[in-house]
Amino acid sequence: MSSQHRVDLSRPVSDEVRKTTCYMCACRCGIDVHLKDGKVRYIEGNRDHPVNKGVLCAKGSAGIMQHYAPARLKAPMLRTGPRGSGEFKEISWDEALSLAVDWLGSVRSSDPKKLAFFTGRDQSQSLTGFWAQQFGTPNYAAHGGFCSVNMAAAGITTIGGAFWEFGQPDWDRTKLFVLFGVAEDHDSNPIKIGISKVKANGARFVSINPVRTGYSAVADNWIGIRPGTDGLLILSLVHELLKARRIDVDYLIRYSNAPWLVIDAPGTAEHGLFARDGEGRPLVFETVTERAVLAGSKGARPALHGRFTLPDGRSVRPSFELLAAEYLDPKYAPENVAAQTGLDAGTIRGLAAEIGRVAFEETIEIKQPWTDVNGQRHESFVGRPVSFHAMRGISAHSNGFQTARALHMLQVLIGAIDCPGGFRYEPPYPKPVEAHPRPHGKAEHFGSNQPLSGPHLGFPLGPEDLLVDEAGKPTRIDKAFSWDAPLSAHGLMHMVIANAHAGDPYPVDVLFLYMANMAWNSSMNTAGTIRMLEEKDEATGEYRIPKIIYSDAYSSEMVAYADLVLPDTTYLERHDCISLLDRPISEPDSVNDAIRWPVLAPDRDVRPFQTVLIDLGARLKLPGFVDHRGNALYADYADYIVRHERRPGIGPLAGFRSAQGDRAGRGAVNPTQIERYIENGSFFSAHIPSEALFFKHANQAYQDFAVKIGFFDKPQPVTFQLYSEILQKFRLSAEGVREPFAPQEHRARILASFTPLPAWYMPLEEAGVDRDEYPYHAITQRPMAMYHSWGSMNAWLRQIHTKNPLYVPGAICDAHGLRDGDWVWLISHHGRIKVEIARSNVINRDTMWTWNAIGKRGGAWALDPKSPEARKGFLLNHLIHELLPPKGDGMRWSNSDPITGQAAWYDLRVRIEKAEPGMVTEPHLPDQRRIAPAPDELRYGQEWSE
Amino acid sequence: MHPALSIIVFTTLSGMGYGLATLLGLGLFEPAALATKIGYLLALALIAGGLVSSTLHLGNPQRAWRALSQWKTSWLSREGVMAILTFLPLTVCAYASIFHDRHLVLAGVLAAGLSLVTVYCTAMIYGSLRTVQLWSQPLTPVTYLLFSLSSGATVGTLLAVTGASRPWLLAVLAVLSTVAAWMVKRRWRADGKALPPLTTPETATGLGFIGRVRLFERPHINDNYLTREMGFQVARKHADKLFGIAILLGGFVPVVLLVVAALAANAMGPGLTAFLAAFLAVLAHYAGVFVERWLFFAEARHAVMNYYGR
Amino acid sequence: MTSLPAVPTPKKLGLVIDLDVCVGCHACVISCKEWNTGGYGAALSDQDPYGPDVSGTFLNRIHSFEVLPVGAEKIGEAGDARIVHFPKSCLHCEDAPCVTVCPTGASYKRGEDGIVLVDEDMCIGCGLCAWACPYGAREMDLAAGVMKKCTLCVDRIYNETIDEIDRVPSCVRTCPANARHYGDLADPQSDVSKMVAARGGIDLMPEQGTKPVNKYLPPRPRTALADSAVPLAETSAGASGFFAWLDGVLERI
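Residue numbers (my numbering), protein chains in the order written: chain V, 1 to 946; chain W, 1 to 310; chain D, 1 to 253.
It is possible that some hints are incorrect.
[Claimed, not checked] Listed below are the simulated DSSO-like cross-link pairs for lysine-lysine, each with C-alpha atoms no more than 30 angstroms apart in a straight line:
(1) W/237 with V/914
(2) W/72 with D/11
(3) W/193 with D/211
(4) D/211 with W/72
(5) V/197 with D/194
Rather than coming from a laboratory, the hints here were simulated on the basis of the structure.
Next comes chain V alone, as it looks inside the complex:
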């Protein structure tokens, strides 16, 4: 009987709904923010949004607690105590900006490279990069160097696109989905939606991951691989597929460089390069007419193997012959890689058989005529419904670039790139490496009070594009694009503090960071990094890194190390644009971008960082930020988003351009563009024409669409680079046969890792330490309910992960007499940490793991210093050095992928020893000053209770 109980079933949820874009992680979902009495009542997913289609994760739903967290910074601050003390005084914005202009202005006129400007979880890289370019320092990058650059660089150079959030499986059609270790806080809702579709469709889902949590938990098959050996597994799959003749020869000829002719002239400067015509266009050998013709010639039947002699006498072979010979080698047979990978040969063979079977026996066809870029018409899109996805599990190893390349090679061999059921590009990808810029930062690229002559980041096509001086020394502070890390397309943020501290290659004057918690979880060797920030030059008494400007919205560990703090707003108080010029949110079927707008007004003396940066640009009179009379061009970031044009008609936002707001991509500035976005739910979406949906790399309709919308000014088809000429050029430099020659000390390293065909080599830390002394691996996993260290200041999210144990495989527990709740020392070649363990049986037998970035420094994030995060939580970072173990050559070799400079977080090797029970994890650094008192109890929404 419920008649006596009254329930108000139809109470209005809120006074108003404002639609904007989430920022609780890198996913960038559309959200409906319900407001009641000027407060956030409820946040839910926007049903119309192309990214999340209405759903929302834990982080997104916890936006309320993020927005009202006591850890929010409240006003600009100037350091008064020593660095790290957290002693600041609040100052006005005028004071703060004048001080910043003083510091930055003098650097700009004296020596612009003395500014290092690096951004962390920045979603406005097209602005920050543009600003840094106008400032004129060569030292700018975002955080991709310790995040994803292996995946991005390997993808762009191989297939003109990448995994991560730049492409995705064809979730609706795939019949076999193979997932390599992913960051479960990236592209997370689309992946969850996708996995659910895969399962609903009865497709098989295979997860390759040392740890079986998260997505792996629901996989049909879990392959608990030993960390750092994914490349070997992939090459073994390639071996099996070649042996079984399960490759798509037609696809290879059409879309890859398999038939391109490789010059065979050992010891010469052109050995291993492609034979090209006078205009640099690659050649293939035509089997009917028996002569070399241009690749892509209509009607040609190119050879895939054989040795041919060109009219000029040079001996050549199709690159595919080299490929097939390499991977048919029995060293890649499953039983020969089983021990290294820790896998059963039968499992490897079974996975290869499944890939082959599904690709070639479950082919799908979409009846949709289309025309390729060579003018050939096709009646349908034919799909090989095997899809792969990968993220940091592959990326964060020192062999990650080659591993990612191997995976793309596997995809190409079975014909599963951008086909129905396979991996699909998300616009503006595909984009060939040649269409990306070259990096800028050589001495001739910058100078006093002048902009950098081009963008900082890009892709070198060979050693001639490196940013080094005549002696081969790096010109960037992070040594990006140097012989240390030639293809470091995202820079090496993880090396900036260490290099600046060491004055190698030179010291800096101002370190300017945005949303990068470098004094904690975003650095390898956290305690060492803190010492570097705190250390003073004995001669001058000044800090080794003299001035640090930091912008963040919250009281992170890094704030205490800044000299000048510029407080940012929360994501609900700001304008932002999720731009196609930056990290886009397109889907395979649609071109998308989005905005954020202030759905709430700030209640503190804070300003959006981008607006502050634009203001600084104007005060510094940077070109692009002031007009010819020196007056500020933009009132704020919103004004910049609307009126800035990168190329004529191309601005940060693609939607609602032109005075009428009816143009997509290219079009005149529309002063009401932001209002139009808000009306549309804060995003814009343009559907790709049906005949352009697949094979975008070679689809004429797609290429025309891309030009029309403004991605390119002319069609930019992609030929898959199974054999990499770029890498071969570096080899030739290392062999000393092709200029520029690699410095002696780099040669062995380049020869070992720069193979033109994907190869596997042992991760550098594993190869550099005694494997018996450090027999195990230790890695982190991303919890789905946290985004990096963001989340501990969130009262709801922190309850899910209040501390992190070290998960230890049952077998290691038994070998060391360890039980749940025991304390251990975990020891690497660099350091040791004392932590509490928990037993688990769903881990690779040689691998321990913990959740990432749960450990906090006492007092940071406005948490009580006695919080479990600070006392029981911990970071693996203390065990990871930013440098490799010294080899006795006097060099500071970065603990990074030698090709891209990607930080090799996952290479960590450890041993474990039982410790005395403890109360606090070690090392335990002194507490920081808590920025604000926090309430003892929360009753959010009590005023709305009936």
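Go by the hints and put chains W and D onto chain V.
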């Protein structure tokens, strides 16, 4: 289960009060004796004190009156109703004794019966919970009734040696009920431990068809209401030791003291020795029952802990 | 009245939770918290929210279990040892013991749709209903002193001020993996009932006799990859055989 002090105090004190009330109601005491009058006041105070104590753990005690409404289904509601009903004849009896030196048979029998029913209701609050297998044994109400009677009779002996009744009668009653209470309690505890678990992590999750189920991660790292309320754990060795202490304090010691009190009273008439022995018997008995009641909660495992790895 | 409805309720509204796809992301947990903390009854409070003993009221929590087949304890990568993420909230039982133990009549099961609710104005916060529930579906809010539980978002599912498509519980609305489904389990033709029939949906703790309305879909059976490792139709070993095959293919293109 969390052994909340307020509930332990409530069940033990009110149990003692109802036990005493039962004996008073049955007319085992001389109504005109001062000690009997004190006994009535004591019984009323114990019952009322227990009830007040039980409201201490309520989130909204000001609404406690509502708890009388659901006697059709709820043992807790029945207990409240019965407790109040018991007050009526008991107060009438007390009035008759204190002001008129009389024992009212009908009201007394009614008070005694209602007292026992109330204790039964209290026991059934726990005994009816399938979620706590230890409690849902049929002997649970028997233990509650016996402990109620024995503690009432022990107090009764104290009253008797100060002139309210024949000491040996009450002492024999107290010794017999105490011995019976602990024998049944031992049986109850042994039976409870021997029961195969009704609910396991496998049935709780339905995943037993795959294999053995073990908690990997709790939903939230820190304790929550459920783990605080139902996740209390006491080490088996520790519990066994405590149970031994409970029997010693609440069984052997009072039995010896009761015999001493009865003999002393018989031999010397009401006097200090008999009073002291009986008084110490009451204290020891209460301490023993208190430990027993603490263990009643502490040793009980709630089904929900199958989800929490405890 | 805390008597259960005398006749079976015409509707049995409830959830079906798919353990085969739940990835344990906690989206439903937090969405539930944010909806309900400003909705039905008192706020869901959090004690010591920024301190060491942080703990709050949640109506839905996700547990994670390790399931080890016999003999798989130490196999790690090759065995079927697995993690199962396990969301849990009120199951709106037909024989809800939490309702009948309530001394005040605050707990009740709605006759029209079977939803189990607490009328907070009548709740004295005795906690007995939480003891009676084997599933841990009820939590006392320490600030309000009343018992909180899943309401199946009764203030959403009938709410005429929101779009019809959104009239589902908040957890269902937000679940990214589509692991949560809402519907009428009394209607054999409903999507949820068909799902339960097709996938062999189960009751949690059937031995407790509570007859839960919510059902759980167990993980689907899985086949090992090694079973697919059919011997390859290999014509000849090594590169020469491969190139001969390649020539044949090239002829046909």
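Tested hints:
1. W/237 with V/914: With Cα atoms ~27 angstroms apart, residue 237 of chain W and residue 914 of chain V stay inside 30 angstroms; holds.
2. W/72 with D/11: This hinted pair holds, its Cα atoms lying about 25 angstroms apart.
3. W/193 with D/211: With Cα atoms ~27 angstroms apart, residue 193 of chain W and residue 211 of chain D stay inside 30 angstroms; holds.
4. D/211 with W/72: holds (21 angstroms)
5. V/197 with D/194: It holds: about 18 angstroms lies between the C-alpha atoms, which stays within 30 angstroms.
Against the hints set out earlier in the document, no violation occurs for any number.
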